[in-house]
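K.L.:
All chains should be built: construct the whole structure from the sequences, respecting the hints.
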Amino acid sequence: MNPRLFPLAATIGIFLLACLICVIQFPYMLSTRVVGNLLTDNAYLGIVAVGMTVVILSGGIDLSVGSVIAFSGVFIAVMLRDTGLHPIIVFALLLVVSTSFGAGMGWLIHALAMPPFIVTLAGMFLARGAAYMLTIDSVPINHVFYDLLDDAYVLMPGKGRLTLIGVVMLLTVAVGMIVTHRTRFGASVFALGGGEAAARLMGVKVGRTTVLIYAFSGLMAGLSGIVFSVYTSSGYPLATVGTELTAIAAVVIGGTLLTGGAGFVFGTLIGVLTMGLIQTYIVFDGSLSSWWTKIIIGLLLLAFILLQKGLLRVTVSKAGA
Amino acid sequence: MTALRRVTPQLLTLAALVALITLFFPDFLRIEVINGRLVGTTMDILKRGAPIGLLAVGMTLVIATRGIDLSVGTTMAITGAIAAWSITQGYGLGGALALALLAGVAAGLWNGMLVAIFGIQPIVATLILMTSGRGIAQLVTEGRILTFSHDGMAFFGSGDLMGIPAPALLWLLTAAGVAFLMRRSALGMLIEAVGVNRAASALAGVNATVLLIAVYVASGLCAALAGIVATADIRGADANNAGLWLELDAILAVVIGGNSLMGGRFSIAASLLGALIIQTIDTGILLAGFPSEYNLVIKAGLVLIILVLQSPNLSQHWHRLRRAAQRRREIAVASMKETGQ
Chain A
5 MNPRLFPLAA TIGIFLLACL ICVIQFPYML STRVVGNLLT DNAYLGIVAV GMTVVILSGG
65 IDLSVGSVIA FSGVFIAVML RDTGLHPIIV FALLLVVSTS FGAGMGWLIH ALAMPPFIVT
125 LAGMFLARGA AYMLTIDSVP INHVFYDLLD DAYVLMPGKG RLTLIGVVML LTVAVGMIVT
185 HRTRFGASVF ALGGGEAAAR LMGVKVGRTT VLIYAFSGLM AGLSGIVFSV YTSSGYPLAT
245 VGTELTAIAA VVIGGTLLTG GAGFVFGTLI GVLTMGLIQT YIVFDGSLSS WWTKIIIGLL
305 LLAFILLQKG LLRVTVSKAG A
Chain B
457 MTALRRVTPQ LLTLAALVAL ITLFFPDFLR IEVINGRLVG TTMDILKRGA PIGLLAVGMT
517 LVIATRGIDL SVGTTMAITG AIAAWSITQG YGLGGALALA LLAGVAAGLW NGMLVAIFGI
577 QPIVATLILM TSGRGIAQLV TEGRILTFSH DGMAFFGSGD LMGIPAPALL WLLTAAGVAF
637 LMRRSALGML IEAVGVNRAA SALAGVNATV LLIAVYVASG LCAALAGIVA TADIRGADAN
697 NAGLWLELDA ILAVVIGGNS LMGGRFSIAA SLLGALIIQT IDTGILLAGF PSEYNLVIKA
757 GLVLIILVLQ SPNLSQHWHR LRRAAQRRRE IAVASMKETG Q
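Keeping their order, the protein sequence lines are chains A and B.
In terms of our numbering, the first sequence is numbered consecutively and its last residue is 325.
In terms of our numbering, the second sequence is numbered consecutively and its last residue is 797.
These aren't lab readings, by the way, just hints derived from the structure by calculation.
This list has only true hints and no planted wrong ones.
Just so you have them, the derived chain A footprint on chain B, three or more residues with Cβ under 8 Å:
no.: 1; region: 573-583
no.: 2; region: 588-602
no.: 3; region: 707-714
no.: 4; region: 750-762
Derived contacts from chain B toward chain A, CB cut-off under 7 Å, selection only:
no.: 5; residue: L704
no.: 6; residue: L717
no.: 7; residue: S767
Here the structure is a predicted model, which means the values were calculated and not measured.
Virtual Cβ for every residue (Gly too), placed ideally from N, Cα, C.
P.N.:
So this is what it looks like as structure tokens:
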């Protein structure tokens with residue numbers, strides 16, 4: 005097997021093992037209801053993690069996405085409350101705003117040669133602050149169209165609900181896989197992650213690619229915000245605090261190297277589902293406190309990073325031999 | 457003299473901010489003596505800035521080695537929780553402080569070990585403690601807000617010595633002590649050497665591994681002090697909110713202080729000025745009477761302006777312009793001499 009596939013294989017293996025443990029302990033977890041809920045509850049996280057995967061593959065980081073999701077929810081809720089616009093038009097407006105926001109950050113990173121960490125940190129403050137400026141309350145969304153979106157699901161055998169937002173997440177992952185692994189843009193992203201100087205020598209347009217990467221992440225954050233607003237039927241400026249870190253953790257658990265240049269979008273989906281599974285397990289168990297989630301996710305992160313380190317050493321020594 | 461020139465941009469920024477706030481709030485710089493203690497907005501900034509100032513000291517050292525420590529906020533939560541827990545368990549002030557500092561050292565050892573021995577990227581290595589640390593803190597407090605009443609402990613949050621608030625004194629002394637240690641011994645230079653090129657410094661005989669671990673331990677200790685101050689201030693440990701996002705403010709303080717995230721030369725004084733700038737922005741926005749909803753946007757705007765002004769690209773252009781101007785002057789002088797002859 006190609007050694008580059010090892011991290012992905014390990015991710016999938018651990019996910020299947022976790023599933024097995026869960027099912028042995030709680031046989032009822034093996035139902036389409038649990039699967040449906042797993043997809044629905046983690047839809048927004050999965051979407052934003054796709055954007056984060058692309059950013060991390062390029063060797064960057066985007067700390068602003070959690071704030072952008074919160075801003076999106078508030079933007080949608082306030083627009084629907086104060087104007088007579090149809091939600092679809094509001095969605096389109098929002099995606100334009102969030103994509104240009106991401107593009108702006110990408111431009112700053114490239115033009116000022118500043119670390120992505122700092123630029124997107126400022127972006128995090130800015131997006132959260134913009135959400136506060138729109139409203140400081142939780143704004144409910146009451147719209148016929150939202151009821152329609154809420155009720156859009158396919159009943160799977162076993163009465164599990166495959167909701168619209170779950171499907172949107174799966175589709176986003178599929179699109180993300182095509183964009184990263186099958187397009188010229190994706191190749192440029194991997195090249196950038198391998199090293200900026202080398203990428204430039206290869207003929208990658210570094211500036212354009214950087215702007216596009218962060219614009220893509222902004223687009224995903226906006227889409228995630230839409231899904232989150234459907235999921236909660238409200239907009240709240242304090243929502244999804246720290247989601248950027250959960251997304252980064254999902255990407256790392258999914259087998260993508262944080263140094264950039266190696267990883268898979270599909271692995272990120274597995275990473276998101278693994279984290280969702282831990283949460284579901286804790287809900288099923290009932291006696292474990294919620295803070296164990298954080299500790300277990302931390303330990304999982306450690307395990308994956310050490311695993312990757314070990315694999316890297318193995319492949320390097322093989323190449324050297 | 458060179459040290460002063462190094463911090464000139466930060467001093468100018470701070471002065472501009474103070475001038476701006478004084479425009480909106482004329483009493484900003486007034487300090488009164490009430491009941492033998494200094495009272496005023498500037499004193500308040502020094503006191504409120506204690507956690508971020510303390511964190512910035514440790515963060516400066518970590519960033520100088522080309523690292524980053526994302527876990528300091530959660531380390532604050534853990535150490536604060538342990539301090540509060542020890543007080544409620546009756547271990548006394550000495551025991552509580554010792555245990556809290558020990559926890560800070562343990563957190564630093566953990567991070568340092570992952571970075572220096574396992575060779576994990578600092579941002580990922582410290583992310584592990586950042587995500588799981590609040591869980592550990594909640595384990596200590598059992599998910600509640602652990603309150604206590606102990607005057608000795610509360611001194612670190614609200615006490616004062618010779619009229620100066622104890623937290624302000626604590627961070628100023630810590631910073632002075634660390635800066636003295638760094639610049640009066642070879643430690644500072646060795647840390648810079650590791651930051652510039654770890655392999656080369658190791659070849660030159662620097663024990664980079666021990667130095668890296670020590671730097672993360674120092675950061676953990678600073679976080680422990682900050683955690684004690686935060687816990688003493690509210691006389692309770694809040695595992696969820698103590699030090700929340702403070703690591704980001706601390707990193708920002710170091711960057712505003714003009715220290716490069718790529719490691720190498722560092723200035724603790726400049727980082728502290730960065731911390732003061734951030735705290736002044738926070739307090740100033742409130743004082744200037746803006747609605748609190750505007751805080752984050754104004755803060756983001758100001759931070760962006762400061763960062764753009766300090767951006768390496770911009771300063772390169774500036775130097776190029778200056779050099780070009782100088783060359784033009786030299787040519788002019790030379791041609792004048794020629795015509796004179």
